[in-house]
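Taken in order, these protein sequences are the chains called A and B.
Under my numbering, the first residue of the first sequence is numbered 1, with each subsequent residue one higher.
Under my numbering, the first residue of the second sequence is numbered 1, with each subsequent residue one higher.
Quick caveat, the hints were computed from the structure, so don't treat them as lab data.
One or more of the hints may lead you astray.
[Claimed, not checked] Here are some chain A residues pointing at chain B (derived, C-beta under 8 Å): (1) Tyr30; (2) Glu34; (3) Leu45; (4) His58; (5) Gly60; (6) Ser64; (7) Met188; (8) Asp190; (9) Gln268; (10) Leu269; (11) Pro277; (12) Val283; (13) Leu293.
[To be verified] Derived lysine-lysine pairs resembling DSSO-like cross-links, with alpha carbons at most 27 Å apart: (14) A:Lys48 / A:Lys154; (15) B:Lys178 / A:Lys253; (16) B:Lys254 / A:Lys289; (17) A:Lys294 / B:Lys257; (18) B:Lys254 / A:Lys35; (19) B:Lys262 / A:Lys271; (20) A:Lys271 / B:Lys120; (21) A:Lys89 / A:Lys154; (22) A:Lys48 / A:Lys195.
[As the list claims (entries may be wrong)] Example chain B residues on the side facing chain A (calculated, C-beta under 7 Å, incomplete): (23) Ile81; (24) Met255; (25) Ala275; (26) Asn279.
Note that the structure is a prediction, hence the values are computed from the model and not measured.
Backbone N, C-alpha and C fix where the C-beta goes; we use that ideal spot for every residue, glycine too.
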Amino acid sequence: MSYEGALYIEFKRGIYMEKMIKVDKVTYDYSNSEKEVIALNNISLEVKQGEFVVIIGHNGSGKSTLAKHLNALLLPTEGDVFVKGLNTKDESKIWDIRQFAGMVFQNPDNQIVATIVEEDVAFGPENLGLQPNEIRNRIESSLKVVDMEEFRHKAPHLLSGGQKQRIAIAGVIAMRPSCIIFDEPTAMLDPSGRKEVINTIKKLNKEEQITIIHITHFMEEAVNADRVIVMEDGDIVLEGTPREVFSQVERLKKLALDVPQVTELAHQLIKEGIDLPHDILTVDEMVMKLCQLK
Amino acid sequence: MSIKIENLTHIYNPSSPFETTALDNISFEVTEGEFIGLIGHTGSGKSTLIQHLNGLLKPTKGKILINQVDITSKDVKLQDIRKNVGLVFQYPEHQLFEETVYKDIAFGPANLGLNEEEIKARVVEAMDLVRLPFQELRDRSPFELSGGQRRRVAIAGVLAMKPNILILDEPTAGLDPKGRDEILEQIKSLHQQVQNTVILVSHSMEDIAKLVDRIIVMHKGKVSLIGKPTQVFKEVEVLESIGLGIPQITYLMKMLKENNIKLREDILTIEEAKAEIINWIRGNKNA
Ligand SMILES: Nc1ncnc2c1ncn2[C@@H]1O[C@H](COP(=O)(O)OP(=O)(O)OP(=O)(O)O)[C@@H](O)[C@H]1O
Ligand SMILES: Nc1ncnc2c1ncn2[C@@H]1O[C@H](COP(=O)(O)OP(=O)(O)OP(=O)(O)O)[C@@H](O)[C@H]1O
Ligand SMILES: [Mg+2]
Ligand SMILES: [Mg+2]
Numbered sequence: 001m002s003y004e005g006a007l008y009i010e011f012k013r014g015i016y017m018e019k020m021i022k023v024d025k026v027t028y029d030y031s032n033s034e035k036e037v038i039a040l041n042n043i044s045l046e047v048k049q050g051e052f053v054v055i056i057g058h059n060g061s062g063k064s065t066l067a068k069h070l071n072a073l074l075l076p077t078e079g080d081v082f083v084k085g086l087n088t089k090d091e092s093k094i095w096d097i098r099q100f101a102g103m104v105f106q107n108p109d110n111q112i113v114a115t116i117v118e119e120d121v122a123f124g125p126e127n128l129g130l131q132p133n134e135i136r137n138r139i140e141s142s143l144k145v146v147d148m149e150e151f152r153h154k155a156p157h158l159l160s161g162g163q164k165q166r167i168a169i170a171g172v173i174a175m176r177p178s179c180i181i182f183d184e185p186t187a188m189l190d191p192s193g194r195k196e197v198i199n200t201i202k203k204l205n206k207e208e209q210i211t212i213i214h215i216t217h218f219m220e221e222a223v224n225a226d227r228v229i230v231m232e233d234g235d236i237v238l239e240g241t242p243r244e245v246f247s248q249v250e251r252l253k254k255l256a257l258d259v260p261q262v263t264e265l266a267h268q269l270i271k272e273g274i275d276l277p278h279d280i281l282t283v284d285e286m287v288m289k290l291c292q293l294k
Numbered sequence: 001m002s003i004k005i006e007n008l009t010h011i012y013n014p015s016s017p018f019e020t021t022a023l024d025n026i027s028f029e030v031t032e033g034e035f036i037g038l039i040g041h042t043g044s045g046k047s048t049l050i051q052h053l054n055g056l057l058k059p060t061k062g063k064i065l066i067n068q069v070d071i072t073s074k075d076v077k078l079q080d081i082r083k084n085v086g087l088v089f090q091y092p093e094h095q096l097f098e099e100t101v102y103k104d105i106a107f108g109p110a111n112l113g114l115n116e117e118e119i120k121a122r123v124v125e126a127m128d129l130v131r132l133p134f135q136e137l138r139d140r141s142p143f144e145l146s147g148g149q150r151r152r153v154a155i156a157g158v159l160a161m162k163p164n165i166l167i168l169d170e171p172t173a174g175l176d177p178k179g180r181d182e183i184l185e186q187i188k189s190l191h192q193q194v195q196n197t198v199i200l201v202s203h204s205m206e207d208i209a210k211l212v213d214r215i216i217v218m219h220k221g222k223v224s225l226i227g228k229p230t231q232v233f234k235e236v237e238v239l240e241s242i243g244l245g246i247p248q249i250t251y252l253m254k255m256l257k258e259n260n261i262k263l264r265e266d267i268l269t270i271e272e273a274k275a276e277i278i279n280w281i282r283g284n285k286n287a
């Protein structure tokens with residue numbers, strides 16, 4: 001069995017459980033002679049194996065810069081990042097790290113490389129030098145996870161945005177990562193495409209036990225997370241379960257953020273003296289609570 | 001300025017294996033000073049349609065009249081169209097090209113023949129509208145900005161031209177919630193001041209519900225619905241069947257009705273919902 005395969009099995013058995021990612025006092029400085037830009041400011045963070053973390057924060061707060069540290073696209077100016085115990089600064093481990101931690105970006109068009117869906121998904125495994133048999137297995141199983149098997153012979157450019165984004169995700173899954181970092185994967189999608197991608201992300205987390213780090217500006221997408229992290233000026237300023245974080249409506253607004261529409265409505269009704277909990281996150285919860293007032 | 005689209009068809013890569021009919025015999029009109037929301041699932045033809053409005057794409061068939069002038073006719077200069085029709089692209093990367101933020105935003109106004117001073121005033125004003133700090137960012141490269149900052153630069157570049165027709169293709173994708181609300185409010189209040197014609201393409205049913213006079217819904221290259229927001233968002237089944245939805249708040253009101261709480265259903269914003277629910281609760285107490 002390959003080294004990578006062996007590690008994968010170990011991870012499935014839970015030997016590697018615990019810490020998937022550790023960001024230790026990281027500072028990142030884009031500055032040059034003309035300007036000074038410190039995008040991450042002594043930030044620390046740990047993500048456990050199997051966790052579903054959502055990161056929110058205003059434009060320029062450092063989310064993408066942090067994300068790029070998690071698979072060694074950027075290296076810390078100060079501090080260290082460990083992915084499954086491997087330091088991203090260790091050049092000899094860079095391919096292992098990129099296999100463990102996959103990335104999905106905003107624009108699916110920029111991530112798709114081949115003219116046939118199947119070939120696109122095969123791209124990563126081929127570069128790993130896997131046997132044709134194994135490559136076929138991986139195409140099969142990855143397309144299945146994202147529910148796109150029937151499109152395997154289609155041209156990606158003829159698919160909808162949500163479908164293209166799911167192909168991009170399949171390409172990442174084919175590498176058998178233990179963690180996937182999503183940087184605004186739904187920003188360009190219509191409501192149904194967003195739903196498709198969010199359901200796929202949930203499924204990867206619940207059924208495939210893949211650790212998820214999801215960056216988004218859609219507050220409704222954060223309600224299913226285990227933990228929500230709020231960034232501001234290169235640092236973490238607020239952190240907790242979705243209920244803990246979104247019940248702080250005023251604080252979030254000060255940070256240029258928002259809450260789901262129903263949470264906002266509940267907040268305003270409470271101000272009018274109506275008896276509702278502060279931590280309503282979904283339409284269903286709101287309907288239930290209002291029915292009790294009947 | 002008014003817009004009239006007559007029997008517009010656009011076919012990409014005609015007579016090749018990749019032939020795609022992106023627009024299929026579309027007709028509609030927009031009157032001067034209207035604020036239009038253009039929605040439709042991915043690939044329905046929205047971007048293709050609006051790129052015809054400033055002459056970036058040529059129709060395979062059909063006509064585009066802007067203030068009664070057919071812009072597809074040979075004697076119309078593209079430059080003249082683009083002075084009047086400002087288009088913010090869906091992907092800012094397709095629009096930004098200068099070395100600095102300042103030069104990028106100044107590009108349009110410079111082409112209008114304004115002098116240095118006027119150009120600077122336009123850049124300052126536009127950066128303020130999109131909430132970009134002028135001193136801090138003027139000399140940065142647009143390619144060394146965060147995704148949301150880059151999008152703001154792209155929007156500012158078009159606002160700086162003060163076009164009579166302002167078209168925005170997904171302008172808020174990637175903006176943080178406050179930036180999204182503020183920039184849309186700025187666009188709305190500008191619209192109210194100068195009565196420009198605005199076409200906003202968006203996947204956010206919430207934003208569309210808040211802002212526009214009329215909604216055009218596209219599906220597979222055709223116009224499938226057109227009307228006021230309250231009319232269009234009543235068609236939940238149609239919208240969902242073509243990959244769209246309704247604002248979360250409108251959905252809440254629909255669910256309440258299904259649970260025998262009788263409230264108005266044509267509600268699009270948090271403020272309306274709040275008033276309606278408070279009325280209902282106070283009515284309950286008095287009953
Ligand atoms: N290549 C770069 N060179 C210089 N500065 C950069 C570069 N990329 C980003 N920055 C700056 O670093 C800071 C953090 O940017 P980052 O892209 O991490 O923000 P973000 O939280 O992802 O924002 P957004 O929500 O807009 O995507 C910003 O001030 C940005 O201008
Ligand atoms: N340059 C092109 N060459 C070939 N086909 C294209 C091109 N641009 C768009 N298409 C196709 O034309 C159709 C309409 O695309 P268009 O980009 O106008 O849709 P849209 O409604 O803007 O979608 P989205 O919401 O994803 O931006 C799609 O089927 C698309 O694949
Ligand atoms: Mg970003
Ligand atoms: Mg488009």
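List in ascending order the numbers of the hints, as given earlier, that are violated by the structure.
Checked against the structure, the hints that fail are numbers 3, 11, 14, 18, 20, 21, 23, 25 and 26, while the rest are satisfied.
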